[in-house]
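Given the structure of chain Z, go ahead and fit chain U onto it with the hints provided.
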Amino acid sequence: MSPVMLDLFLRSIWETLLMTGASGIISLVAGLPLGLALVATGRGGIAENVWVNRVLGAIINGFRSVPFIILLVALIPVTRLIVGTSLGTWAAVVPLSIAATPYYARIAEVSLREVDRGLIEAARAMGGNRWTIIREVLVPEALPGLVAGFTVTLVTLVGASAMAGAIGAGGLGDLAIRYGYQRFETTVMIAVVAVLIVLVCGIQWIGDRIVATLDHRKA
Amino acid sequence: MAEVLAARSAAPSDEVGADVGPVFETMDTVCSAPAEAVVRLIELKRKFGTTAALDGVSLTVRKGEILGIIGRSGAGKSTLIRCLNGLERPDSGQVLVEGRDLARLSERELQPLRRRIGMIFQHFNLLSAKTVEDNVALPLKIEGRAKPERRQRAAELLDLVGLAEKAKAYPASLSGGQKQRVGIARALAARPALLLSDEATSALDPETTASILALLKDINRRLGLTIVLITHEMEVVRTIADRIAVIDAGRIVEEGPVWKVFAEPRSEVTRSLLGTIRPRLPSEIAARLSQQPGGEAILRVEAAGEGARQPFLAELATAAGLPFRLIHGGMDHIQGQPVASLFLAVPARDAGAAGQFLDAHGIKTEVLGYVAGDA
Chain Z
1 MSPVMLDLFL RSIWETLLMT GASGIISLVA GLPLGLALVA TGRGGIAENV
51 WVNRVLGAII NGFRSVPFII LLVALIPVTR LIVGTSLGTW AAVVPLSIAA
101 TPYYARIAEV SLREVDRGLI EAARAMGGNR WTIIREVLVP EALPGLVAGF
151 TVTLVTLVGA SAMAGAIGAG GLGDLAIRYG YQRFETTVMI AVVAVLIVLV
201 CGIQWIGDRI VATLDHRKA
Chain U
1001 MAEVLAARSA APSDEVGADV GPVFETMDTV CSAPAEAVVR LIELKRKFGT
1051 TAALDGVSLT VRKGEILGII GRSGAGKSTL IRCLNGLERP DSGQVLVEGR
1101 DLARLSEREL QPLRRRIGMI FQHFNLLSAK TVEDNVALPL KIEGRAKPER
1151 RQRAAELLDL VGLAEKAKAY PASLSGGQKQ RVGIARALAA RPALLLSDEA
1201 TSALDPETTA SILALLKDIN RRLGLTIVLI THEMEVVRTI ADRIAVIDAG
1251 RIVEEGPVWK VFAEPRSEVT RSLLGTIRPR LPSEIAARLS QQPGGEAILR
1301 VEAAGEGARQ PFLAELATAA GLPFRLIHGG MDHIQGQPVA SLFLAVPARD
1351 AGAAGQFLDA HGIKTEVLGY VAGDA
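Here the protein sequences come in this chain order: Z and U. Following my numbering, the numbering of the first sequence begins with 1 at its first residue and continues without gaps. Following my numbering, the numbering of the second sequence begins with 1001 at its first residue and continues without gaps.
For reference, chain Z alone in the conformation it holds in the complex (with noise of 0.2 Å):
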């Protein structure tokens, strides 16, 4: 691999991870408070709204039903809005928080679900406010699966931030396509290959190793 390939290649690792933290970071920010409001507004729920409830499931629906290409361009007025700009790494980084939230929010919702209500019932005869609820129970009650679904999210990041060299982002995925596939180099698409190979299966392995230490719930 000659050395500006070599540059190209180490750039584009960097920008696929900037793409994937900072839009990882921003969908647990917000995805992980969308998933309490759908469990709390749920049926039964500790705040339970069934109408903010419905609202709230047909934007994360709406969403999350936009294929992602289409939401990377439709998204371009706000991208500039926030960004100053609609291309580059950064300027990815908004469509893909704002795909991944609502992913994210799901997720969420599933394991917060999946607490036992008699765990928030024992959290209400003590005396226990709403806050106490979330922060005491629902939240650390469900972290293991928080945090693995938090994995599959970033993982499913990977994938997206490909897409996003359509809006001159680069990364790995971009490198693939227009060096290995567009220009028939093999060796450069066999290498970008690889290494999200080895950085979907670290994304994994760490996050497994941070659910096997947070999962109290077996013996």
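These aren't lab readings, by the way, just hints derived from the structure by calculation. Any given hint might turn out to be false.
[What the hints assert, rightly or not] SDA-like mimics (lysine to any residue), calculated; alpha carbons at most 25 Å apart, straight line:
(1) K1168(U) / V50(Z)
(2) K1141(U) / D215(Z)
(3) K218(Z) / D1205(U)
(4) K1130(U) / A40(Z)
(5) K218(Z) / L1204(U)
(6) K1130(U) / T213(Z)
(7) K218(Z) / Q1122(U)
(8) K1168(U) / D215(Z)
(9) K1047(U) / W131(Z)
(10) K1147(U) / W131(Z)
(11) K218(Z) / E1143(U)
(12) K1047(U) / T41(Z)
(13) K1147(U) / A40(Z)
(14) K1168(U) / H216(Z)
(15) K1168(U) / S65(Z)
(16) K218(Z) / K1047(U)
(17) K1147(U) / V139(Z)
(18) K1130(U) / L143(Z)
(19) K1130(U) / V29(Z)
(20) K218(Z) / A1172(U)
Chain U only, in chain Z's frame:
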């Protein structure tokens, strides 16, 4: 643990119970109650769909007692105990705790009051993500106590329930009995005035059940803590309760000191719930029972308290000269009171005389039937 009680009276909302509103004429149990009431339920009603879980329940919990509420599943006992700390709201009626009507308080107003009421659960409901120590300290964290105080109190309570060495363990590594001990420690953390037990031993084996009940009794005595427990097992009530209330189809059908209700159950439900722990006529004899006088009469003999302290069987044989055979049964001691439940066989012609003799001594008899030949 004297400091537990001392500190309890220092808690803010302790203007308790002596003057808890009007005494209702309809409730003789309330009017005759000698001890002050911790909780008073008045005409509680709660419907789920078309079925009434509570259909006019009036009940008083007296300070320092262990009240056992027993009923079959679906009788309304879970709804009832949840009304006591406002986890469930009645459709109508009052829940007077420390003079305030829980049924009328908002969720926010209920929260500080709930801190004065501990609760333990059938499935323990311990937080899996927290250590034993942090589970026990959680009510204190909710109260906003500082960490050193929480630690110290948790250690104190774990000591009380005999699990001091498990402070840093996670609940998943504990046995069922140990989990319930942690549950009890947690329920006591905020120095409650009342402890609610929701089928706390139903998921435990008999041996563990006995040890948990002994612990509850011990806590009741040492801390003077009032306990309300619901259960479907008479054995639980028999072992630790002072008073029993039997609930069926959302109504209290029978209420009184445990030994009295055990000795003289008035309702069909009570009798059937008692069926499993009271002596029963052996089935092979029951199968041969006929209502046609002849052969031997089978008598059910029941006595409790004073009556059961007399040597009535000896007198039946010597003073009345009536020969009898003991078929089945025995004496039990409930709350220190002897309760006798026996099945006797006497010659058919002597059945009337035996009944009269025992009745005269305040002992209840009933001729169940006759068995031809040897019973």
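Here is how each hint holds up against the structure:
no. : hint               : result
1   : K1168(U) / V50(Z)  : 41 Å, violated
2   : K1141(U) / D215(Z) : 22 Å, holds
3   : K218(Z) / D1205(U) : 21 Å, holds
4   : K1130(U) / A40(Z)  : 22 Å, holds
5   : K218(Z) / L1204(U) : 19 Å, holds
6   : K1130(U) / T213(Z) : 13 Å, holds
7   : K218(Z) / Q1122(U) : 19 Å, holds
8   : K1168(U) / D215(Z) : 15 Å, holds
9   : K1047(U) / W131(Z) : 30 Å, violated
10  : K1147(U) / W131(Z) : 19 Å, holds
11  : K218(Z) / E1143(U) : 29 Å, violated
12  : K1047(U) / T41(Z)  : 24 Å, holds
13  : K1147(U) / A40(Z)  : 29 Å, violated
14  : K1168(U) / H216(Z) : 12 Å, holds
15  : K1168(U) / S65(Z)  : 46 Å, violated
16  : K218(Z) / K1047(U) : 38 Å, violated
17  : K1147(U) / V139(Z) : 21 Å, holds
18  : K1130(U) / L143(Z) : 12 Å, holds
19  : K1130(U) / V29(Z)  : 23 Å, holds
20  : K218(Z) / A1172(U) : 5 Å, holds
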